[in-house]
Amino acid sequence: MAAAGKWLLIHFSLFSFATRTSAFNLDADNVLKKTGDGNSLFGFALAMHHQVTPRKELLVGAPKAKALSNQNANITGGLYKCPITSAERDCERVIFDNDANDDESKEDQWMGVSVASQKVGGKVCAHRYEQRRYRNTATESREVTGQCYILSEDLVFRDYEFDANVKICHGRLSSHKKFGICQQGVASTFGKDSDYAVYGVPGAYNWKGIVHVELRSTDFSIIDDGPYEVGDEGIRDESKVPVPGNSYLGFSLDSGKGITNQDKLTFVSGAPRANHTGAVVFLKMLLHSRNLETEHTLEGEGLASSFGYDVAVADLNSDGWNDIVVGAPQFFDKEAEIGGAVYIYINQKGDWSNIKPIRLNGTKDSMFGLAVENIGDINKDGYEDIAVGAPYSERGQVFIYHGSSSGINTTPAQVLEGKHLNAEYFGYSLTGRMDLDENNYPDIAVGSLGDSVFIYRARPVIDVKKTVTVSPQNIDFQKKNCNNGQLLLIFFSLHSMTVNACFQYTAYSNTYRPKITVQYLLDADTQRGKPDRQSRVSFVKAGQNQDNHQLSGSVTLRGQNEEKCVTEKLQLRENIKDKLHPISIAVGVTINQSNRKKRQAGNLQNLLPVLSQSEPAVAEVQFLKEGCGSDHVCQSNLKLNYRFCSRIDNQDRFNPLPKENGAPVFKLSDQKDIVLEVTVTNKPSNSQNPKKDGDDAHEAQLIATFPETLTYSAYRDLTIYQDKQLICSANQNGSQATCDLGNPLKRGSKITFYLILSTAGITLNTRHLDINLQLKTTSEQANLTPVIAKARVVIELLLSVVGAANPSQVYFGGSVTGESAMKTEEDVGSLIQYEFRIINLGKSLKNLDNARLVIMWPKEINNKKWLLYLMKITSKDIENVVCTPTSEINSLKLQESLKQSRKKREINKVESEEKSRGTFSFFSEKRKYKTLDCNQHSTAPCINISCPLKGLDSSAVLVLRSRLWNSTFLEEFSNLNYLDIIVKAMIVVESKANNVMVKNAVTEVRVTVFPEKTVIQYLGVPWWIIFVAVLAGILMLALLIFLLWKCGFFRRNRKGSPYDARYHKAEIHVQPSDKERLTTDA
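Sequence positions in the sequence shown follow mature numbering (1 follows the signal peptide of the UniProt record, and there is no 0) and run -23 to -1, 1 to 1059.
One or more hints might be untrue.
Simulated pairs of lysine-lysine, BS3-like, Cα-Cα distance not exceeding 27 angstroms [as the list claims (entries may be wrong)]: (1) K217 / K155; (2) K907 / K836; (3) K217 / K241; (4) K541 / K492; (5) K169 / K96; (6) K261 / K154; (7) K727 / K767; (8) K169 / K234; (9) K723 / K669; (10) K669 / K616; (11) K727 / K616; (12) K644 / K767; (13) K870 / K841; (14) K169 / K217; (15) K961 / K836.
These are calculated hints, taken from the structure and not from any lab test.
Throw the hints in and build the complete structure from the sequences for me.
And the structure:
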């Protein structure tokens, strides 16, 4: 678009360049409308027809039109011919097929479903035409075979010579797996620049579909030339059909030479349901056979996109090779809100093997690409153009795309709107490539489902050649060139310029020579482009300063190649500051659209021409720059140095990055920024010859281009200048920053500044940061080559993991239970829950796909007996965690228990039991224990449980619910005092770049397992301990008896005989206390 180019013509409403993209040379103001009967689907199919007599008509299919008198039906469809006039209801029905017999049914046959035309005549088809067999019997059948009519050039059916009623599937095998539902004529065409009639038969062979080609020539000397058919018309071999069942090959058709071979005709057919995505098949005729052989197949990319719903052949880049246009109206992309697509395949001189198509996208639910059509070169620029229908976009739209040397302009040159015409599903059908109004430009017709058709005529395109010159071309501020009647002044005197603009026009046809009024706009100092900056010049008219940098006017051109020129004066404003940037003078034009309406024959208006899409002509005035020596030539010597830095605490303090092997290393953890320190100097390269270079660097700039991983954030200039000049700005997406270093950057200058860059785009696969640094200046300097600032990236994820087991000490005991007898998890053994907490102090892992927690799980011991049975894995603070392999989680499908079957023992109980087991004094055995793990001791083979961490924000917890396999411990470890089971977990982050570091990424959890007390008693005490204990007891008893005997314990005190008689009386002895008391009294 010219107005969107470098030289914008601003602040001038007369030139509305933006409207060119929505309205180019198809006349949308004087549309010819043709209307048919209501509910007849008038406009379902279209074709432009040229009779031998100089008359051009539009053929319109109406497949729901009422039946003719002798068709023995109510609704049959029909064909209409419409003259190219401004009248709306002057279309006539073409009379043919006005009969019926008992072996056929024409009710609802959809005559007019496809329409085609060529120099030899017209063609119209009814794909739902039925043949009836065994009528009025129990075995009656109806076969939807379809039929087509080929009419003479005057659209009269004469059943001889060229005219024919074609029923391809008549008489063939009637099963739907063969030809019982052929649906011939869904698409039909004529071979371009040939006498072949082409038919699409999408229902053949269980809807695989075929294409049928017949020669319809009046040259009866041609004998052995077809008919041809996919699968061979002679043998009808289904295996030769290149698509699977339900593909609908033959649903759309086109043809042309220069597709695979410059001289041979190729037929192009769509199969919109092939392989569920759609396909387009190239077919060629095999001479001396009746087979259409597949040359190449284009595959669709979107599931159920209907790729191949319509096809068109066009030479878009005018290289002599035809390109292919494919519609896929049901292609969709939910996120991008795409509803329909068109694929442009640019022919590579017949080689289709590695062509990547250009995809044009429609809006959501628009069915963009339902109709595609080669409409010829409508603007006569030498390239064929295409039209694309989107009938479900609002009330329907048609997009016009121009061909170009590169293939196609992906921005539509014009959009035709159905809503302005009160149409329904506007753009359902298209046709073109014929000049209907005889103005040397092809026109187009657009059909709808609202029983109306619209003819758009192309307006002539003229090209206005513009030239603009300015004198003088250089301004020297030490000289004055405007005589204001005063003495010549030095410095800041007035300077004037003369602008000369010339115009002439050309058109496609030399005979087209109307008188045209061209309105022009001179726009001075356009390059400044910012509203807050005043233009440095203004136009002078009749000796008066207009105080305006724009000037408009008009010239009248009376014919092609007649040149008219205008001369205007410009004056430089006083005391301007910008004396370095050139002053640009641009001239743009439009043509005056007269309201005069001259009538053509046939009641058509003469269409006014439209201006071609060309850019404004531009001239420039340069300033002689200061600070450049006596020769006025500035030879600067800009040099650049850089180093990468890190930002300290988000303040304007920067530290250089450490280096490894001479390269800076950026370790990304939680930093949001990386800083590039840039130093630019402008000093002489040779101190012995300082005048050689190092002059002022005018318009000195640094352009920094960043990789996708970095975006511009800000800049810092920490140096204090008396006249600060540094300004940095970035483009819209932050991929490039431009820093104005000085205007000029003086001799001997040194400037240091910092570019702060966001690291949000750095991923785990980022290995390097490459920043392109390019110095620029309008001064002369030949060695300004780009500098690539490089840094290596190491990503340090601030991830850590800690683990715990609950409980950390468990017991085994009871009896052995077989695996087959286990129904619930309680049958397995004690419950152990492992909790692993993952902590993230850095960036969120919401977009990280390859970070995971790997748990080395001791599932079994070396003899393949169960050790820990994993019941389930749950997560907290992170969603949708699916750990693998899932087959290792509750592999026996045991019923989960919500209660804890074995209660946790307290630590003091463990200690008391350990003490009781240690009461064997010096006879007790040394305590036995064992460690079960899969690394250091290799006593328990592990499986790796992998849990993805995508979506981890700051922290998350994974809980593994497991059961100790009680039976294994009873059978294998009952002779041990205790065991330790070690479970390890680590964070693993995979990166193709091998540049990811994770600290504190490993943890291990230890669980101690004790046998219950009953298990110890069951084992008994060794016999030798019992023997020693009994022997020791006997010895101790003997020693005790001996000691008692020595003490006289066993001697009895007996009384004499005098006392025998009084043995039963009690004796009273004086107690020692009494004696002491009597003695004291005495």
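Now for the hints, and whether the structure bears them out:
no. : hint        : result
1   : K217 / K155 : 14 angstroms, holds
2   : K907 / K836 : 17 angstroms, holds
3   : K217 / K241 : 21 angstroms, holds
4   : K541 / K492 : 13 angstroms, holds
5   : K169 / K96  : 10 angstroms, holds
6   : K261 / K154 : 25 angstroms, holds
7   : K727 / K767 : 23 angstroms, holds
8   : K169 / K234 : 8 angstroms, holds
9   : K723 / K669 : 15 angstroms, holds
10  : K669 / K616 : 15 angstroms, holds
11  : K727 / K616 : 9 angstroms, holds
12  : K644 / K767 : 14 angstroms, holds
13  : K870 / K841 : 19 angstroms, holds
14  : K169 / K217 : 25 angstroms, holds
15  : K961 / K836 : 13 angstroms, holds
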